[in-house]
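**Q** Listed here are the chains, written in short residue letters.
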Amino acid sequence: MTIATFPPEPTPEQGWGRYFGFCTDAKVIGIQYIVTAFFFFLIGGLLAMVIRGELITPASDLVDRAVYNGIYTMHGTIMLFLFIFPVLNGLNNLLIPTMIGAPDMAFPRLNAVAFWLVPIFGFLLMASFFVPGGPAYSGWWSYPPVSIQNPVGHLINGQGMWITAVALSGVSSIMGAINFVTTILRMRAPGMTLFRMPVFCWTALAAQSLQLIGLPALTGGAIMLLMDLTFGTSFYRPEGGGDPVLYQHFFWFYSHPAVYVIILPVFGIFSELFPVYSRKPLFGYVYVALASFIIVGLGLIVWVHHMFPSGVAQWMRNLFMVTTMLIAVPTGVKVFAWLGTLWGGKLRLTTPMLFCLGGLFNFVFAGITGIMLATVPVDIHVSNTYFVVGHFHYVIYGAAVMGIFAAIYHWFPKFIGRMPYEGLGKLHFLLTFIGANLNFLPMHPLGLTGMPRRVSSYDPEFTFWNVVASLGAFLLGVSIIPFLLNMLSAWIRGPKATHNPWNAIGLEWLLPSPPPEDNFGEEVPTVISRPYGYGSGQPLVEHQDEIERRLALQEAAA
Amino acid sequence: MTSSSTRSINTTAVVGLSFWVGLMVLISHWMGQQAHRWLPVQASTAAPLVDDLFSFETAIGTFVFLGVVSVMVWVMLFNRAEKYDETDAIPIEGNTRLEVIWTAIPFVLVMGIAFWTIRASDQLGTLGPMEHIHPRNPVEEAGGYLGDRLPAEQVEVIARQWSWEFRYPGTTVSSTELHLAVDQPVTFRLVSEDVLHGFYIPAFRVKQDVVPGRAIDFNVTPTREGVYRLRDSQFSGTWFAANQADVVVESAEEHQEWLQKAARAPLQPGLSLAVSEYATRQARSNPGWATVPPAPPPQVNVPGSPAQPHQA
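Each protein sequence line maps, in turn, to chains B and X. For the first sequence, the numbering used here begins at 1 and goes up steadily by one. For the second sequence, the numbering used here begins at 1001 and goes up steadily by one.
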């Protein structure tokens, strides 16, 4: 390459308008995804507050039982389909092209369509609160026959809207997945072989492959459910010869891998950030990269562990227990690699690093309860109890959401061009870490003593731990205030960020902050070494000194 | 990791590390013992097996968790960058021997746990219910009475939105409170009239989904007299949380006595909290979001008491 005109002139301020329109710039789409996701995060969080408000006393006394069921169903649905998947797709949009030196995604218009489906099915789901009979109430699993009972009797009903929204979410995710996979495979910078690719891209590739394999099963299963609900077919209806357990196979064939779609990119975030903030290369890069794909392979053959008490044969229970347990091995490789990275490093406990460390702590705990859940006899006792609720909230909130916060604090300067505030960030971390543990740890003793999940009332012996969990939840609710404050004030008037405020290694840090619309444009640097060359002094790309000098000059001139 | 770089302080490191690992073993063992206290009373033959497995996993899990957290705390205390130190650490790219070790040890560990579990499952004798699943009999579908046709030790459990009904073998007795004789193996025949339900008695450590259109046979042996809770564990709609029943485990003589007394009792409406709550709800001017109406309470000999103290 030549770097005659590098860096490109900063793109002139384009105003706020583009964030509200059909824009094909991946960086705009990324921010659209993330902001939309956090809008729904607040709604889902508000519903969680109502749930914990109801459960602070044994009786069903805050909301009607039907309302409670609708609220817990919508909490789960919103958090998964309208928060966590969109926020991760937002990060994918921001990070994948800049990390691999691509000017944009492979299919920019498809990318924009995939995003705009999110507000559309989000609106559909929100609208279901206002139709006669209220929203779907059968849990985010929507197991038939409960989900096809349609008590209100109308053609337009909450459950039908729910299924339509989930199917649209699937369509959006498939579009996104095609785009991410193609971009990663076809648009890498010269010299960036697969084994010179940042681990975040490896994990994104792994996660998006899972979407492509798994989503058709869920979408097909959902369409059959909609037909049973609306047209009276009998795919799952026992009185018509259908089998309700069949749905569970369709559902979990996708929805267990969906957990890896969520957690793999978070592993990617940990693998990016631990080296930066301990100033050491990622320990065992190749093993960490490959472990993602072992998780993909195993992740596709574990789904029956969600159905141990559903009526499956013992040999099947044993088989799926073994595959489930094997996932601990590649996951362990990653955890030990992060510890190896930290060991002997020069740690900087910045906000993103604290979120990573907290996330790793919670993840290890969740992994241990995960092994317990994999063992059939223990699972039989605690499945469908609060033990499971505690387990997956440790995974999703304790590890994934904390990793996502880490990513936001880490890459905010790059894509917004301004620095977030450390004080507020650390306060946010502290409240999140304490709140999450106070909220989700008590769920384990509750489940072990036999409190089922999804209950709107419970026997008085469960009161103590429920009160603790509710207080933790309210603290978690408060923890979002410093985050929002930080993001808004940093975006409006935070100090200007340099091109590489964390002294990190990676193509995205060789771009101005924020990067110009087509990133490196025609002048993509040639990658000459592996990522994470901390301490070796080896440059990542050709002419790296010159690129950095010019970036610094440009910053000095601004 | 430490062997080459800390050769000079080898003895201190080895002693310190041994001490710490020994302490972690002790703590893990103690946690394993504690684990029994986090579970309900053991009231079936299944319970000790499940609890021992859980205790074992708690001990192993505690050790792994402490190990990881120890490293994290250590590096946060002793591997922090000095103030104003902008330099990088010594680059270590990886170590193949370590990779092999930390792939092999977890592999052996989880396979060991899996082996133990499979053995425990065999002992539990919870044969996969799939072998016992059969389509429901048309007579049964029509509501015909089953008691006389069932094998001697079989209790039929009928789950509905939202009540539990129990019919006893060789008698005409039915109840909405489950009565069992201690130390006597019992086979439940689980059927559902409407949607999925979960047959879950925490004190017995057993759980089995009740699937409409199937009859699932399911064995358990109660081992401890007392009153326990049966809870619906698979979400079944509006009054899911209220779909509970009491399980009374009594001596064989008491059980016979109860059966005889129950056989003489007239049929009356069984317990269904949902039915009374539904009536209150419908009386409101705006009953709220739609709900499936509860099935009428089953007509039984013994409804049981709604406010009986239970042990787990």
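There could be a bad hint or two in this list.
[To be verified] Straight line, CA to CA, 20 Å or less: simulated SDA-like cross-link-like pairs of lysine to any residue: (1) B:K346 <-> X:K1261; (2) X:K1083 <-> B:G535; (3) X:K1261 <-> X:Q1299; (4) B:K426 <-> X:Q1299; (5) B:K426 <-> B:N437; (6) B:K426 <-> B:W502; (7) B:K346 <-> X:Q1299.
[Said to hold, decoys possible] Listed below are several chain B residues computed to face chain X (Cβ distance under 10 Å; list not exhaustive): (8) M49; (9) V50; (10) I156; (11) P244; (12) G311; (13) P330; (14) V382; (15) S383; (16) P501; (17) Q554; (18) E555.
[What the hints assert, rightly or not] Looking from chain X toward chain B, a few residues come up when the C-beta cut is under 10 Å (computed): (19) M1072; (20) S1192; (21) V1206; (22) W1258; (23) A1262.
Treat the hints as calculated values from the structure; they're not laboratory data. All C-beta atoms, glycine included, are put in the ideal place defined by N, C-alpha and C.
**Q** All the hints need checking, so say for each whether the structure fits it.
**A** Hint by hint, here is what the structure shows:
| no. | hint | in the structure |
| --- | --- | --- |
| 1 | B:K346 <-> X:K1261 | 77 Å, violated |
| 2 | X:K1083 <-> B:G535 | 18 Å, holds |
| 3 | X:K1261 <-> X:Q1299 | 16 Å, holds |
| 4 | B:K426 <-> X:Q1299 | 62 Å, violated |
| 5 | B:K426 <-> B:N437 | 17 Å, holds |
| 6 | B:K426 <-> B:W502 | 16 Å, holds |
| 7 | B:K346 <-> X:Q1299 | 73 Å, violated |
| 8 | M49 | 19 Å, violated |
| 9 | V50 | 14 Å, violated |
| 10 | I156 | 13 Å, violated |
| 11 | P244 | 6 Å, holds |
| 12 | G311 | 5 Å, holds |
| 13 | P330 | 8 Å, holds |
| 14 | V382 | 9 Å, holds |
| 15 | S383 | 7 Å, holds |
| 16 | P501 | 12 Å, violated |
| 17 | Q554 | 22 Å, violated |
| 18 | E555 | 18 Å, violated |
| 19 | M1072 | 6 Å, holds |
| 20 | S1192 | 9 Å, holds |
| 21 | V1206 | 7 Å, holds |
| 22 | W1258 | 24 Å, violated |
| 23 | A1262 | 26 Å, violated |
Of the numbered hints listed earlier, those contradicted by the structure are 1, 4, 7, 8, 9, 10, 16, 17, 18, 22, 23.
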